[in-house]
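> Listed below, chain by chain, are the residues.
Protein chains: 2
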Amino acid sequence: MSGVITANPALHAALKEVAAEMDRRFDALLKVPDDPRAPLYRAMRHATIGGGKRLRPLLVFATARLFEVSRDAAGRVATALEAIHVYSLIHDDLPAMDDDDLRHGKPTVHKAFDEATAILAGDCLHALAFEVLADPATHADPFVRAELIADLARASGPSGMAGGQAMDLAADGAQFDLGTVTRLQQMKTGALIGAAVEAGAILGRVAPEGRVHLRGYAHDLGLAFQIVDDLMDVEGDEKLAGKKLRKDGEQGKETFVSLLGIDRARQQSRLLVDQAIDHLRSYGAEADLLRAIARYVVERDR
Amino acid sequence: MSGVITANPALHAALKEVAAEMDRRFDALLKVPDDPRAPLYRAMRHATIGGGKRLRPLLVFATARLFEVSRDAAGRVATALEAIHVYSLIHDDLPAMDDDDLRHGKPTVHKAFDEATAILAGDCLHALAFEVLADPATHADPFVRAELIADLARASGPSGMAGGQAMDLAADGAQFDLGTVTRLQQMKTGALIGAAVEAGAILGRVAPEGRVHLRGYAHDLGLAFQIVDDLMDVEGDEKLAGKKLRKDGEQGKETFVSLLGIDRARQQSRLLVDQAIDHLRSYGAEADLLRAIARYVVERDR
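In order, the protein sequences belong to chains A and B.
Per UniProt numbering, the first sequence starts with residue 1, numbered consecutively.
Per UniProt numbering, the second sequence starts with residue 1, numbered consecutively.
Just so you know, these hints were derived from the structure itself, not from any lab.
One or more of the hints may lead you astray.
For identical chains, the list gives no copy identity; a pair is met inside one copy or between any two copies.
[Said to hold, decoys possible] Distance condition first, Cα-Cα at most 25 angstroms in a straight line; then the derived DMTMM-like pairs of lysine to aspartate or glutamate: (1) Lys253 with Asp35; (2) Lys253 with Asp114; (3) Lys253 with Asp34; (4) Lys247 with Asp114; (5) Lys247 with Glu286; (6) Lys247 with Asp35; (7) Lys253 with Asp23; (8) Lys106 with Glu254; (9) Lys253 with Asp135.
No experiment lies behind these values; they were computed from the predicted model shown.
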């Protein structure tokens with residue numbers, strides 16, 4: 001959502017508020033120590049403060065709102081989710097991976113610091129996410145903490161985000177079909193989006209069987225988000241995006257756009273957003289922010 | 001302990017048993033999927049199966065034995081600790097970090113596979129460690145699971161292992177004094193050794209105030225271990241060690257040996273082992289394995 005303004009005033013306010021809260025929380029979490037670890041902390045601050053769409057934190061807050069979860073608990077969980085997301089960006093941008101120089105309009109961590117610091121900064125944010133969740137300050141009930149941790153570990157590990165990234169590595173010129181690309185993206189991006197929504201419900205002490213509609217929402221939202229990302233990669237403006245675009249085509253990777261074409265991809269993303277919103281039909285006005293987020297995902301693409 | 005045989009038959013049996021159990025557990029945890037993630041899983045298997053001292057798992061088992069913890073719970077926790085240790089070795093060996101080609105007598109992961117796979121394999125083992133701990137199969141009580149996770153996250157993050165590694169990066173030619181080297185090593189190696197002992201006590205439901213002696217044991221053991229590592233780096237045989245030696249001297253890094261000299265370093269390691277064993281004086285024969293491990297740490301150096 002960097003560089004894009006939404007027409008929905010409630011969403012606009014929520015986006016601003018969440019961005020400010022994330023900056024504040026990472027600033028408090030990552031005070032630079034007066035010892036040789038200072039560059040490590042500066043690298044973590046560079047990556048976490050002042051940038052990014054904050055989509056996953058927003059989803060935690062928007063879901064937590066359905067169940068009257070305390071703002072502080074949601075804020076801590078949102079920080080953990082975002083820490084995992086940012087660690088994955090730092091590692092994905094490394095020369096051995098996607099080799100990107102720019103992220104959120106700033107130099108990537110290995111460019112602003114060095115590769116070793118980038119690897120370690122990613123590893124530290126990864127550990128910090130679990131440290132934040134395991135802290136009794138996040139939730140007094142250890143059952144809730146353990147469930148949040150299981151949710152995040154699953155979503156970020158080899159059957160989630162990191163597994164999707166491994167499939168993505170194998171995708172160069174591998175001629176994946178639509179089913180494989182869908183599965184890849186569900187793991188690489190969808191799993192953590194799903195974990196953000198799920199975390200809001202876990203904080204709300206909703207039993208797994210009560211989370212079915214929210215899971216459906218997150219599933220469709222995650223796919224729509226990725227299809228729009230693929231559309232923006234083809235049609236977007238690098239300045240507005242704050243990162244290098246059109247890399248998939250150069251690398252010969254199949255995407256939703258290469259497999260479906262621009263028109264069908266756009267149609268599919270809108271269908272998925274309608275479906276996502278439909279999953280929320282049992283909720284009233286308290287789910288309007290979740291609905292606005294879903295609409296916003298396709299609004300980005302124009 | 002690779003390539004070294006202990007004279008203590010009970011320790012020898014325990015080492016063999018733990019090594020076999022870790023191989024078995026990683027084999028079961030890391031079944032290679034029939035999809036594009038196969039190289040990722042093969043890389044994780046390469047790093048976790050069939051090698052390594054298994055010191056941290058052994059410490060979990062040896063401590064758990066004091067409190068009649070189930071063998072399966074200890075085995076799961078030992079797997080998580082070892083997964084964190086192995087992920088850190090994979091990342092430390094990367095070209096941007098220590099740039100090592102050999103580990104446990106085998107090619108390092110980025111040599112046997114490639115850098116991107118090595119980065120992701122490390123990230124996945126990191127996530128898997130927390131997934132294993134968060135699983136109710138590890139312990140029925142979520143309070144115990146949450147405490148195990150907090151213990152491991154703290155020990156592996158920026159105030160533990162990864163922070164120590166960041167200090168180590170800054171150590172090249174930085175003329176650290178003995179206090180700084182001690183702190184660096186307590187973070188880099190000592191924190192995870194401490195977490196292994198602490199995890200055994202957490203599984204045994206020992207309250208924090210009851211863990212003081214065990215913490216003392218782990219603290220002194222961790223330092224003795226690192227001093228002996230520094231001695232072996234200067235005096236050891238690369239074939240037996242299964243990795244490149246004498247790198248610290250080449251890089252101009254201060255170590256316990258460069259700061260204390262060989263004789264005082266050796267003296268210090270033996271003093272620390274005596275101290276470590278002394279911390280166990282309130283325990284009877286059930287702590288003999290912990291005592292044997294401490295003696296073994298200096299036995300390695302000859």
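> Are the hints correct? Go through all of them and say.
Hints, verified against the model:
no.	hint	in the structure
1	Lys253 with Asp35	between (44 angstroms within a copy, 17 angstroms between copies)
2	Lys253 with Asp114	between (28 angstroms within a copy, 19 angstroms between copies)
3	Lys253 with Asp34	between (45 angstroms within a copy, 20 angstroms between copies)
4	Lys247 with Asp114	both (23 angstroms within a copy, 21 angstroms between copies)
5	Lys247 with Glu286	neither (39 angstroms within a copy, 60 angstroms between copies)
6	Lys247 with Asp35	between (39 angstroms within a copy, 24 angstroms between copies)
7	Lys253 with Asp23	neither (34 angstroms within a copy, 36 angstroms between copies)
8	Lys106 with Glu254	neither (28 angstroms within a copy, 36 angstroms between copies)
9	Lys253 with Asp135	neither (41 angstroms within a copy, 36 angstroms between copies)
In the structure shown, a violation is registered for the earlier hints numbered 5, 7, 8 and 9, in ascending order.
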